[in-house]
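There are 2 protein chains.
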Amino acid sequence: MIAKMAVDVSTTVVVVGAGPSGLMLACNLARFGVDVRILDDRPDKTSTGKADGLQPKTIETFRQMRLADPLLRNAARVYDISFWQSTAEIPLRRTGRQTHYPDNLVGASDPYILLAHQGMVEEVLIDDMESRGVFVTRSSRFVSCSRESGTGKLNITYEDMSSKTIKTIRADYLVGCDGARSKVREFIPDAQLEGETTNASWGVLDGVLDTNFPDLWSKVAVRSHVAGSILWIPRERNMTRLYVQLSETDGERVERSKATAEYVMQRARDAMYPFHLEWKTIEWFGNYVVGQRAAKHFMDSDLQIFIAGDAGHCHSALAAQGANTSMHDSFNLAWKLNLVIRGLAAPSLLATYEEERQKIAYDLINFDAEHCKAFSKDDSALTKNFDDNIRFISGVGAEYSEGMLTRNRHTILRPLQSGALQIPGRVTRYIDANPVDIQLDIPLLGQFRIYFFVPDVPKGLGFLSVICEGFGNASAMGTLSSRARQSYAKKPPTAVPSDEFLQPLRYTSASRAFTYAMVTQSCRSEFEIIDLPKALQDSRWTLYLDNVDTPRCTDKWFGTLQREQVGIVIVRPDGYVGAIDTWGLTEGKVAGKRIEDYFAFMM
Amino acid sequence: MIAKMAVDVSTTVVVVGAGPSGLMLACNLARFGVDVRILDDRPDKTSTGKADGLQPKTIETFRQMRLADPLLRNAARVYDISFWQSTAEIPLRRTGRQTHYPDNLVGASDPYILLAHQGMVEEVLIDDMESRGVFVTRSSRFVSCSRESGTGKLNITYEDMSSKTIKTIRADYLVGCDGARSKVREFIPDAQLEGETTNASWGVLDGVLDTNFPDLWSKVAVRSHVAGSILWIPRERNMTRLYVQLSETDGERVERSKATAEYVMQRARDAMYPFHLEWKTIEWFGNYVVGQRAAKHFMDSDLQIFIAGDAGHCHSALAAQGANTSMHDSFNLAWKLNLVIRGLAAPSLLATYEEERQKIAYDLINFDAEHCKAFSKDDSALTKNFDDNIRFISGVGAEYSEGMLTRNRHTILRPLQSGALQIPGRVTRYIDANPVDIQLDIPLLGQFRIYFFVPDVPKGLGFLSVICEGFGNASAMGTLSSRARQSYAKKPPTAVPSDEFLQPLRYTSASRAFTYAMVTQSCRSEFEIIDLPKALQDSRWTLYLDNVDTPRCTDKWFGTLQREQVGIVIVRPDGYVGAIDTWGLTEGKVAGKRIEDYFAFMM
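So the sequence lines, in the order shown, correspond to chains A and B.
Per our numbering, residue 105 is the first one in the first sequence, and the count goes up by one each step.
Per our numbering, residue 105 is the first one in the second sequence, and the count goes up by one each step.
The reader is advised that the hints may include incorrect statements.
One copy or two, it doesn't matter: identical chains are merged, so the pair holds either way.
Said to hold, decoys possible - Calculated pairs, BS3-like style, for lysine-lysine (alpha carbon to alpha carbon, straight line, at most 30 Å):
hint, residue 1, residue 2
1, Lys595, Lys638
2, Lys481, Lys268
3, Lys638, Lys594
4, Lys384, Lys638
5, Lys384, Lys154
6, Lys257, Lys595
Rather than coming from a laboratory, the hints here were simulated on the basis of the structure.
Just chain A, with the same shape it has in the complex:
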């Protein structure tokens, strides 16, 4: 018997689903110091199978969160892809082999797919979250959500499956990271999935192989004339994942009951002939039907209920996009929720979540439909599809349209554009001469980063002091910083032992809302920290010398920047570029005004 209960607990955000998307969200909220509860209907975390590949951009995200180490240590890395084909005339042979993420097309700092089963990724996020006092409430199935009249609070009910009781949480926000069959989605009006479901079906097998196939440790696309297509993915712990195509068109749909592991293995053996293919162990078997669908809405009009991850988009697993896109959905949402919850930004900021992530979802399903077609067609179609989409597949090329947070996109032709991710670059920290990656160095503390590219510091000092005056206490920016300081003083993130090593205060001593940074081509001997305006003196850990990379970071971001110019880049808390501009040395005042304008949504 299930008994209905009164409100059991109050929190700020309820996350439903502790897969990659839900954990990425809850973990980031915990880091920002937001109260969060995360529910999952499973009794334990994922132990085998499911998603298995982190794309270059996602690896970068884990590095930025300082959580990449265990994955980098234990996962397999795919740097190349090879193509094999058999026809009625020619037996199975390698028709090509190429770098998966060529530097000239992608430019990722980790140009590979990192292969590890979903549970390893979840564990990293869970461990971090738990160190901050947030634990997954397991065996808890989301049931319903209603809005209290008056307060506007949400009453969220779930079934505690162990005690078979219904419990209620009162919260301000609800986020459904509960997969393709999302139950939370039903509580967002007009949010149904739209798109095609084909009948193309695939079987997936994880296991240790016994084979004489030579390309076992590359990603391999096989097209056989007798038994469809196969995708090989090398895995951690000596495993290989095989995606085995069971049918590709409507008429041929394979009965789910027929698509057993044994059937899939035999089909793979047939396709791989004359190579020998057996399984020493099988860790996981699954099968799925391909479709490309996206939810019509990612949130309700009150900006309180959201969906992220598979709840918002589904597609094939061939290009290893699902878990990656899902985590970036919630990575996008987390910092926005933090700012709104703290009263540091207007609730309308949350509307950019749907604008930005639904755009990516459409990009994804469009790409995926083409990718699946190309996969079945021929090498040249697949190669072309790869070349056209490789930046997107890597995650590095997922870009947002012009909007409130991404200003003046493409008004000037520059390598770096608003709406895009920072281009990786290596610079030297002034203060301790450590070479660092500019895109990784400043920890993600929920703050915006404002980079001043000042080719010549002695020349640029006038500009810098004018602009830094505009960050003072009396200014609009100063008011923002002071409100942020108060908010984080009142509701600080839980201190964790790793903070002692990370020293987050190094990045927030000038402001809790912004980290100021400077990148210069001046030599270290040309200026002392004490020569700089106070806001930059207080930012001494984020002064960089542009003297290690080729081309220089300045050139990578701006193309060219004259010594009589200053470049300003606003980077959002999620690493996306919000605005990029160049100014003459006398334009400090108007440049400061432009920065203020950008942050109007916070004022």
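Fit chain B to the given chain A structure using the hints.
Just chain B, lined up with the frame of chain A:
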């Protein structure tokens, strides 16, 4: 009351002292599958102070052991050194600033000092050791060692300080890693420390500073005309270590009772004037008197009792050499003990321990005496001392003389020489296209590595098949491999969960005594693994393409190697080069014989 007991336990190796040297030894022995007990008289591990800097070579060693991650994540990194000086005429000012480990002089892959207190380093080794079932026996003070007549076994007694009982362990080997006042050393005839003790004394302070001194995050050598010299070392957790010179000559020796923290702090303030210098917190304070001494013997003539680390050499702390050299002592000893204990090498192998490490100890104390003098003298003396010794300081330049394990040193002028460490180089693994560091890629499993540099694989196939025939079952090398296989089958290392990810079998499938590897400039499309001789097919994880580094790894190691040549490098289990030779393509037989000759001590 202390009661004498009969033999309580038997083991193979007893290590006395769980500092860096003892832990490095016990950890490696545990990894090789050797029974080991490690005793320490302290009740717990080091929590503050003591040694604090890992040099580039030591960082490499931890990387090779796959243990570097926690240190790299949490420690501070020193890339530069700055020099400050005051005279009667000129107030304190910066007189120079330079890269600490310039690439052209050192060429380390981690060209910095990694600063973390000794306890963090110990913890990494302890965690790994404990995962392999070896725990430090704490509060246990070594008392004595005697040899059983007949068996030749050692009876080692220690005081269990908790129960105040004397316990006895029977073992084959005893290693004293018990510091400068080593008690084990007393059981090695004629092993007393020899050398000078000056009266120069220094105070050492770890804490968080409040200062306006701008170079706080560099290593800084300060020479003041009023209050002696100071060495600044940036540390993890926002700390700084100051070494403060209290006196430099005999006559001026400061009374230990006078050398309080307060006295040291005041002296530092005086020296740093006009900069402001206060301590927000003090974590550790110590002081020491400088001397340069080395033990006359590092082992007894029965090759059963050894000393390592400070027990064998003491010197100043200025160049951060102590813990580093100590760990390399035991890193050198560990694999030799493993081979002898397994009966895979003659006991005389152990004699090379003293030959090699005592040479380094002398190099160290000679350098240190000069370094201390230069430190007190002037900038140009110190700069010259640095330039002359920087490879040695980094650990990269610690080299062994010609000997049984280091053949034909300097007979031919090549960048890489026997007795030296591998030169770091980046190559691509053939099998999975992963770029890897050649000096890190093959895990340390106690095996020798034999690298074939074959510029042109199709041309070199004849040579390779001749030489690989010599590794077959019937050959001398094959016999060695087969004895190794039996030994490790009988007494395997404890399996640990990380093995599942590391897959040690990938590196020992051809032989448990040797990992064969190949480095080639041929393209991946020019040959398939199946084209290679069986020993190399079985070594498929250690076939490398020399296509990423500039200059190429081949050129870094050999200078030049013609396409009609094959280069062979034998790398010892500790990463030192044992032999390096080049051969014509028709000389496979004699090259094979040369390899056999090298391994005579194992036959």
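Results for each hint:
no.	hint	result
1	Lys595 x Lys638	within (27 Å within a copy, 65 Å between copies)
2	Lys481 x Lys268	neither (51 Å within a copy, 79 Å between copies)
3	Lys638 x Lys594	within (25 Å within a copy, 68 Å between copies)
4	Lys384 x Lys638	between (64 Å within a copy, 23 Å between copies)
5	Lys384 x Lys154	within (20 Å within a copy, 51 Å between copies)
6	Lys257 x Lys595	within (20 Å within a copy, 65 Å between copies)
In the structure shown, a violation is registered for the earlier hint numbered 2 alone.
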